[in-house]
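Novice: Required output: the full structure, derived from the provided sequences and hints.
From first to last, the protein sequence lines are chains A and B. Sequential numbering from 23 applies to the first sequence in my numbering. Sequential numbering from 98 applies to the second sequence in my numbering.
Derived by calculation from the structure, the hints in this document are not laboratory data. Possibly wrong hints are sitting among the right ones.
Straight-line distance between alpha carbons at most 27 Å, and here's what the computed DSSO-like set of lysine-lysine pairs gives [said to hold, decoys possible]:
id, chain 1, residue 1, chain 2, residue 2
1, A, Lys24, B, Lys214
2, A, Lys80, B, Lys127
3, B, Lys118, B, Lys160
4, A, Lys96, B, Lys129
5, B, Lys836, B, Lys486
6, B, Lys565, B, Lys471
7, B, Lys471, B, Lys531
8, A, Lys24, B, Lys213
9, B, Lys393, B, Lys334
10, B, Lys523, B, Lys486
11, B, Lys129, A, Lys36
12, A, Lys96, B, Lys118
13, B, Lys389, B, Lys531
14, B, Lys129, A, Lys106
15, B, Lys334, B, Lys127
16, A, Lys106, B, Lys127
17, B, Lys129, B, Lys334
18, A, Lys36, B, Lys127
19, B, Lys389, A, Lys106
The calculated label-pair distances, taken between Cβ atoms and stated as ranges, are [what the hints assert, rightly or not]:
id, chain 1, residue 1, chain 2, residue 2, range
20, B, Ser681, A, Leu86, 21 to 27 Å
21, A, Phe109, B, Lys129, 17 to 23 Å
22, B, Phe234, A, Asn152, 35 to 41 Å
Where a beta carbon is used, it is the ideal one built from N, C-alpha and C, also for glycine.
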Amino acid sequence: MKEISLDFILNGEKTSLISSPNRTLLDVLREDLGLTGAKDACGGEGECGACTVLLNGKPVNACLVFIGQVAGMKITTIEGLIEKGEFHPLQRAFVEVGAVQCGYCTPGAILSAKALLDENPHPTDQEIRNGLSGNLCRCTGYNKMIEAVHLVEGRG
Amino acid sequence: MREGVEMTDFPRKTGKHEIRKDAWNKASGKAKYTADIPVENLKIGLIVRSPHHFARIQDIDKKPALEIPGVLAVLTSDDIPGEKLFGSLVPDQPSLAQDLVRHLGEPVALIIADTKKAAGLAQDVIKISYEPLTPVFDPILAAAPEAPQLHPDGNIITELNLGDGNIKQGFEEADHILEDTFDLPRISPGYMEPETSLAIWEEDQTITVWVSSQHPFTDQGFIAAALALPIEQVRVKSGVIGGAFGGKEDSSLSILAALGAWSIKGAVRLVNNRRESFLAHPKRHPAQIRYKLGAKNDGTFTAMEAEVYMDTGAYASYGPAVAMILTETLAGSYRIPNVKVRTALVYTNSPLSGAMRGFGSPQSHFAVESMVDKMAEELGMDSILIRKKNILNPGDKMFTGVTLNETANSLPLCLEEAQQVINQLKVIKPAPGKKAGIGFALAAQSMGLGANVPDDSTHRLEWAPNGKVLIHLGSPDLGQGLAMAAEIITAERLGLSFEDVECLELDTLETPNGNVTCASRMTYMVGNALLDASEKMIQELLIQAGTLLDLPASELQYQEGRVIKPDGTEVPAVEFIARLAEESITLTSESTFSFPYPEDTTPQDLPIGMPHVLYCYGGQVARVEVDPELGTVEVTHFTAIHDVGKIISLPGVEGQIEGGVATGIGYALYETMLRKDDQWVDGFTEYLLPTANDLPLHYENIILEVPEASGPYGAKGIGEITLVPTAPAIANAVFDAVKVRVYKLPITPERVLGFIQ
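Specialist: Shown next as structure tokens:
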């Protein structure tokens with residue numbers, strides 16, 4: 023497919039690149055932009071949530087989004103959560119309560135949790151479970167992730 | 098941590114709530130897994146896989162693939178310069194198929210190209226002609242002499258026959274005999290990071306390979322053999338590992354990545370997508386267990402007989418070792434005087450089964466713990482009481498002849514805790530229209546590789562001039578937090594802060610061989626080796642300090658990072674380290690810990706790899722609500738009771754238990770890798786890993802500490818046992834709720850409704 027020029031806001035910065043529009047956002051982030059925090063765990067099927075990023079604040083599977091669709095949009099990846107060298111409260115909480123084991127699902131889970139808290143600052147246990155239900159994790163059993171989200175909503 | 102559990106003062110310096118250091122990079126996306134490592138001039142490797150379950154390869158025509166622009170190499174078995182087969186226990190698995198393909202998805206050719214697109218096109222046009230053969234999938238049929246033979250020596254790889262006492266007499270003494278067959282599914286370790294490997298051929302004719310592996314030294318050996326290179330020319334490094342759970346004990350893509358890099362004299366990365374991963378990585382063995390249990394009217398078990406068929410798929414992988422643990426644990430945690438067990442491990446045309454967290458125990462325990470519950474029902478006895486009556490005590494012999502040590506004291510503790518939990522759960526009313534049930538299961542899971550298997554673990558400490566103590570950890574951290582445990586134990590022994598001690602990533606060029614990360618024994622092995630290495634490093638420090646101070650070492654003392662002189666004055670150790678660095682002397686200390694198999698507890702008349710002598714114990718209570726109309730099962734409450742010997746890291750222990758329970762719930766209710774329309778279920782749409790919504794809303798850990806005398810600070814393993822009692826506890830709860838006993842996992846609504854039995 024013919025390559026096109028694209029502009030979007032990536033982690034708060036204006037970004038321009040030239041790409042075939044039918045490549046996935048995940049491939050472009052990982053291969054062209056060197057942002058490897060978003061992971062591929064299901065083979066680009068949208069089944070695992072490991073590639074979750076925020077598109078205009080909403081969580082999406084980057085493997086299911088074509089780069090051509092993101093023109094003019096705001097993209098937040100896990101790398102963009104650190105501001106002025108400070109970890110985001112969710113990153114800090116995930117680390118502190120022990121919600122990070124192998125870590126492969128962690129960036130996606132944190133971004134899903136951020137989207138949840140941005141919309142619903144004081145979610146119930148069940149709402150947190152719903153918010154994380156698109157992010158598969160084999161290590162933690164999710165308990166500590168839920169604890170981490172509660173920790174942040176409690177602090178907020 | 099449950100209140101009232103007695104704690105000693107360990108750890109003093111470090112505390113039980115240390116934050117693992119790797120978590121920061123993981124939570125910020127900076128951690129480099131093997132698929133994330135940036136490389137110049139990287140080429141892409143793609144595998145051409147068999148579309149048949151069983152077939153003879155007639156011809157491979159590489160030419161159409163080689164004509165695709167950007168394709169650099171198309172490699173088949175003939176292109177492998179050295180060993181064409183690999184395998185940790187039985188070298189039966191071809192890196193690329195030779196004349197036969199024995200399972201769907203088996204690698205046949207390797208394409209190396211400039212781009213994914215070119216490699217994909219080449220994958221489409223390569224011409225491979227096959228003569229399809231009749232496959233066999235059922236291990237019982239495959240074990241019959243007339244079955245299609247997969248390997249020259251027949252389809253039965255291992256047959257284990259063990260016994261104790263007099264089985265005939267044992268059943269004669271029984272007032273009640275129950276017999277049933279249990280059917281356990283094929284399940285995936287389900288780690289999130291699919292298999293991947295990156296290999297770079299260097300100008301000095303060496304090769305560097307990054308792996309996501311439970312034992313990079315095994316990869317190193319396989320790669321050297323396949324490429325016919327001296328082992329010194331093969332350097333293997335560990336990337337950050339995205340989970341393994343046993344599934345990365347076999348070589349995962351490393352041989353093929355190395356072959357590709359060697360072939361083009363460049364850099365090649367291979368990454369399995371999830372579909373390939375399902376077909377390629379070892380699964381938990383499907384098993385059919387016929388189980389017969391005899392008991393007296395008072396509940397005393399008199400005899401047990403079991404016959405087991407395990408499907409190891411097309412290649413042995415760790416099957417022979419899994420068969421041993423499955424067989425050894427067929428009596429669970431119980432004293433049964435008369436036992437006869439037979440296990441056959443059989444090749445079939447399924448994708449391979451091998452190591453997976455639990456290593457045979459989840460299968461055996463589903464049979465044992467379901468049957469014990471059924472016997473309690475038969476006798477009208479309480480299910481905790483029948484277990485109390487029959488549990489093994491310290492000094493008792495298992496049917497394998499192993500004498501249990503004093504840590505078996507945790508078995509009655511587990512039962513007492515469980516009883517309290519059950520009493521609390523009994524008063525909870527089910528939701529309207531639902532039926533509630535409570536179930537319990539007990540478990541014993543071995544630690545270690547088994548008697549007479551070399552099990553040495555070597556690790557090295559280095560005191561760096563900046564004052565940090567570096568741990569050259571010889572076994573990789575798979576994500577479970579091994580590095581944290583190593584750091585806590587070392588910091589504790591050296592009296593340093595957790596921040597002063599740091600593990601380095603594994604590199605076969607620099608790191609000693611710590612052996613494979615598996616078998617619930619890493620905290621135990623690594624901890625013991627590092628305690629000894631710390632001890633030796635202190636002695637060496639005092640010798641060097643003595644030389645610098647012109648004092649005999651015997652007059653110096655070490656305390657918490659300081660050297661104390663005879664007059665009582667103290668010098669920070671780091672001052673000596675810095676002075677030694679000026680003379681190019683680095684303080685290092687290496688130590689090997691060998692898994693102990695004490696003669697008095699280790700029978701000698703068993704095959705190599707048996708028996709296992711040290712056990713972890715635990716029990717789990719599940720409360721379920723079943724919809725009797727729909728057959729759906731919801732686990733509403735879950736309590737995991739585990740003896741860990743000694744907690745080294747509380748979040749680490751809790752994380753192991755909670756993750757294990759989640760995997761156990763998947764085994765109980767959701768997961769099975771079926772063959773549908775002649776294809777294997779190979780994605781997360783149909784293969785259902787539990788999500789955050791599928792797990793119990795009310796969850797509790799009860800952690801017991803019954804110190805293991807031979808463990809570092811009393812610690813023992815926790816990795817595997819966490820998922821062993823889960824499925825039978827849930828099945829027993831389902832029975833309690835609706836009086837339907839499910840003999841085949843997973844417990845689907847259809848099975849609960851009794852349509853499938």
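Novice: None of the hints should be skipped; say for each whether it holds.
Specialist: How the hints compare with the structure:
The suggested pairing of Lys24/A with Lys214/B holds, with an alpha-carbon distance near 15 Å, which does not exceed 27 Å. For the suggested pair Lys80/A and Lys127/B, the alpha carbons sit about 22 Å apart, so the restraint of at most 27 Å is met. At roughly 50 Å between alpha-carbon atoms, Lys118/B and Lys160/B are farther apart than 27 Å, so this suggested pair is violated. In summary, the hint linking Lys96/A to Lys129/B is supported, as the alpha carbons are separated by about 25 Å, within the 27 Å threshold.
Distance hint between Lys836/B and Lys486/B is fulfilled; the C-alpha atoms sit about 24 Å from each other, no more than 27 Å. A distance of roughly 57 Å separates the Cα atoms of Lys565/B and Lys471/B; the hinted pair therefore is violated under the 27 Å criterion. Annotation: proposed proximity of Lys471/B to Lys531/B holds, straight-line Cα distance about 23 Å (limit 27 Å). Restraint check for Lys24/A and Lys213/B: satisfied, since their Cα atoms lie roughly 18 Å apart, inside the 27 Å limit.
With a CA separation close to 57 Å, the supplied pair Lys393/B and Lys334/B exceeds the 27 Å bound. A distance of roughly 23 Å separates the Cα atoms of Lys523/B and Lys486/B; the hinted pair therefore holds under the 27 Å criterion. Between Lys129/B and Lys36/A the CA atoms are separated by roughly 26 Å; this keeps the pair inside 27 Å, and the hint holds. Straight-line distance between C-alpha atoms of Lys96/A and Lys118/B comes to about 31 Å, which puts the hinted pair past the 27 Å bound.
Between Lys389/B and Lys531/B, the direct Cα distance comes to roughly 33 Å. Violation of the 27 Å bound is thereby established for this hinted pair. Taking the CA atoms of Lys129/B and Lys106/A, the gap is near 22 Å; set against the 27 Å cutoff, the hint holds. As the CA atoms of Lys334/B and Lys127/B are separated by approximately 18 Å, the hinted pair is consistent with the 27 Å bound. A distance of roughly 16 Å separates the Cα atoms of Lys106/A and Lys127/B; the hinted pair therefore holds under the 27 Å criterion.
Between the alpha carbons of Lys129/B and Lys334/B the distance comes to roughly 12 Å, so the proposed pair stays at or under 27 Å and holds. The hinted pair formed by Lys36/A and Lys127/B meets the criterion: a straight-line CA distance of about 22 Å does not exceed 27 Å. Between the alpha carbons of Lys389/B and Lys106/A the distance comes to roughly 66 Å, so the proposed pair goes past 27 Å and is violated. In this structure the supplied range 21 to 27 Å is violated for Ser681/B paired with Leu86/A, their Cβ-Cβ distance being about 56 Å.
Distance hint check for Phe109/A and Lys129/B: the Cβ-Cβ separation is about 18 Å, which falls inside the suggested range of 17 to 23 Å. Checking the proposed 35 to 41 Å range against Phe234/B and Asn152/A shows it holds: the Cβ atoms sit about 39 Å from each other.
The structure is inconsistent with the numbered hints 3, 6, 9, 12, 13, 19 and 20, although it conforms to all the rest.
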